[in-house]
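Make a model of the complete structure from these sequences and hints.
Okay, here's what each chain looks like letter by letter:
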Amino acid sequence: MAVKVVRWLVLLAFGVFFLLPLLAMAEFSTRGAGGTRSLDSWSGIVTDPDLVDAILVSVQLAVAGSLLVLVLLVPTMTWIRLRLPRLRRPVEFLCLLPIAIPAIVLVVGMAPLYAWVDYFLGGSPLTLTFAYAVLVLPFAYRAIDAGLSAIDLKTLAEAARGLGASWAAVLLRVVVPNIRTALIGASLLSVALVLGEFTVASLLNFDTLQVRVNLLGKRNAGVSIAVSLLSLLFAFALLFLLSFVGERRRGAAAGEG
Amino acid sequence: MVAPVANPARGDAAPGRRWPAWLVVVPFLAYVGVFLVYPTALVLIGAFQDANGGFTLDNVGALTRGVHLQAFLRSVELSALTALLGAVLGALLSWAVAAGRPDGLPRRVVVAGSGVLAQFGGVPLAFAFLATVGFQGLVTQVLRERFGVDLFAHGAWLFELPGLTLVYTFFQVPLMVIVFLPALDGLRPQWREAVASLGGNSWTYWRHVGGPVLLPAFLGAALLLFANAFSAYATAAALVSQGSPIVPLQIRGALTGEVLLGQENTGKALGLGMVVVVAVAMGLHALLQRRFARWR
Amino acid sequence: MGHLELRGLRKSFGGQAALAGLDLELARGELVSLLGPSGCGKTTALRIVAGFETADAGSVRVDGHDITGVPANKRDMGMVFQAYSLFPNMTAAQNIAFGRKLRKKADRTGELLELVGLGHLGKRYPHQLSGGQQQRVALARALAIEPRVLLLDEPLSALDAKVRVNLRDEIRRIQTELGMTTLFVTHDQEEALAVSDRVGVMSHGRLEQLDTPSVVYRQPASAFVAQFVGVTNTVLGTAVAGGVRIGAFRLATAAAEGIADGADVHVIVRPEDIGVAQHSGQDNGALVGTVVAQSFLGPVTRLSVRLAGGDQVVRVDQPSSRAGDFPVGTAVALDLAAARLLVVAV
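Protein chains in written order, with my numbering: chain F, 2 to 258; chain A, 1128 to 1423; chain D, 161 to 506.
Source of the hints: derived by calculation from the structure; they are not laboratory data. Where is the CB? At the ideal position from N, CA and C, for every residue including glycine. Misleading hints may appear alongside valid ones.
As the list claims (entries may be wrong) - Between beta-carbon pairs, the in silico distance windows are:
#1 F:Arg89 x D:Gly489: 51 to 57 Å
#2 A:Gly1410 x F:Asn206: 45 to 51 Å
#3 F:Arg89 x D:Arg482: 53 to 59 Å
#4 F:Arg89 x A:Val1194: 40 to 46 Å
#5 A:Leu1278 x F:Leu40: 23 to 29 Å
#6 A:Asp1277 x F:Arg89: 40 to 46 Å
#7 F:Leu97 x A:Gly1275: 38 to 44 Å
#8 A:Tyr1165 x F:Arg89: 18 to 24 Å
Put into structure tokens, the structure is as follows:
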């Protein structure tokens, strides 16, 4: 029983350590003039057109980035498992490479590259999608890899081919539905990462949510803190949701004799 | 992207055109080539080039002297310290979480919260600490008004290394939870029961079985934490606006124009240095990880 | 007085009764199996003896001493788990030595490795051993502490069929050699019958029958025991005065005594207790049917016979040498050896 007490004390201590800054953000962002409470900082989020634009850009990037990474990875990884097993290690290496290359280093190499992107595709901040798909590559790879490992891909594909399905049908109607959970997980994670990304956007001079928040902080800390709290809570909601995804698969276990 | 492709080796009948199987992976490889391999190569090669593209060791040599060397030392110090703090505290929190029900609310909340703080943190974390212990932060005010304590009596520590240490720990602990919790879950209840039936107590178990089994995972996680702190940029960039005490901030300086003539490629050399340090840490991490995987 | 005694053990998990009053006595040196389907409470009973679970009521005694309140690490019980219980960070030899080291007893690792036939593998780590070898090490580790009682929790269930049979015979040999009082939990009836002095068949937290393997097999105390142990036929019939009626066939048997006339009954009979002969086609009051399938099982061939006037199928074992007399489609008359029937009201 002593262990139980210690366990709850530990949880409590960490709870305070991690919740205190969040609480402080809530307090700070509701300060008004002369010690009063006011929601000006919060309403400031929607009345600042630059901030609203930046939020919209980030949301579009989040959707585009996760779609791009899924479209790139799912057919490739499926095909490699089915037909090109020799490529599995090299592709895994490439996908996990961004872990070993800090974003701050990658951006040094991307700066000249984005001069070309700008030249060909224009200076829209949505071109950041390409950089973001790289940043989320390792996370998406791991999620999809786990999903593909959990199904008997070869047998499923052979069965579908035997019934006359084209490869496109195998991919879209057999593989995708069966790794649905992994795809949802990969997307949620990608969305969270893109919404929180600062390094690349800031150094390539694009106006995304986090860049705008940082800039705003210099003159109006209240709004910045309100947006920061909001985005942390939003990310928490996404990941909390994620913890229920794939519940069913883990459900079957624990037998007793 | 997955047009009918035939594999002659397996005699799969695809009427009409026959495309080589590797064609399917071309878009992926092309994309990764352009947006990952090319920029990486640019950094690694550029580190050894002078302004005219000729080979030189000057850029890399500059890392071994003066401000750059100091930045590396400070970066390593900051990363090692927060990795150690994060690993120890994170392991403790992991234990408290793992001891509960796997589908319980504490675990769900801690895991989701850890994901947010470890991977999403960045700029919002800097503002979280401004709101807490900044000049006008909640804790600063309460301490000043109620207890007469001035948090900033000894300078603007929050915007220097001590501040970075505190804020980094705030995202290192959650990262530790994420990577260490699965290792704790890998401890089999039979081991504890076997120790008990052989006459050992809880201490015997941790001393002879639980501890040694977890050690590689713990060290591996600590290395991952080190690499994570070493790579981190956003939090530091948002907090520290004056000077460049750590390497990522020096790279910012190199990118935004605080570069002296003849040192155009210093940023790339700094990048190379970071990649080397991170690669060493991640390589050791992978080794330890493999050792732990064998034991499960 | 038994060496190990379980008295009135009760345990429930969240309102579900896992043990509903279990009494069991093991004589010194005896091997008793607890056999039953998963969830019958057999593992719970074993874990209570080991001290990993606390009983809601009842007691556990060893040599007459009540050990109900003694913690697991002071009980001197040797425990072998289902699988993966070896300490992964120690070699086979270190695993075996662990318990004696804690007790500061002299090292006997070499001797124990020999005992379980692994003299040459002491330096291997668990992940370098096969499943069967791991379980041998686990057995040696449990025996190393010279336990008062050996507890085996489905130690063979994770192994391949061949290894399983080898190791179970080995366990029995070692157990007999050392005269070790042993409680063996399993869901595999063949395993239980093969190695035990006595078998306790459990269902819903209770002992249905506790007796020697041959009695449990030959004279099952209940329909549950008959169906769980070995292969049986369950044929639907009706109780009549002095016997039972199956369709038009009447069988005189004492097994139906005490069941009201006209009640529906199950007649339970093993395939090897049924005689079979070709049927001439005349109605002489015999139980008749048609062979619908044959399956070759080695020494015997099992005939599936569909009874006339219904769709009940009875399985009958015949020596394989005679099976050629009854090809599929043959009309046959079945002879139920009256002494080996079990009749229960439905």
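Hints versus structure:
1. F:Arg89 x D:Gly489: 51 to 57 Å: For F:Arg89 and D:Gly489 the Cβ distance comes to about 56 Å; the hint holds.
2. A:Gly1410 x F:Asn206: 45 to 51 Å: violated (34 Å)
3. F:Arg89 x D:Arg482: 53 to 59 Å: Cβ of F:Arg89 to Cβ of D:Arg482: about 58 Å, so the range 53 to 59 Å holds.
4. F:Arg89 x A:Val1194: 40 to 46 Å: For A:Val1194 against F:Arg89, whose Cβ atoms are near 44 Å apart, the range 40 to 46 Å holds.
5. A:Leu1278 x F:Leu40: 23 to 29 Å: Holds: the Cβ-Cβ distance is about 28 Å, inside 23 to 29 Å.
6. A:Asp1277 x F:Arg89: 40 to 46 Å: Because 59 Å falls outside the window, the suggested range is violated.
7. F:Leu97 x A:Gly1275: 38 to 44 Å: violated (52 Å)
8. A:Tyr1165 x F:Arg89: 18 to 24 Å: Between A:Tyr1165 and F:Arg89, where Cβ atoms are some 23 Å apart, the hint holds.
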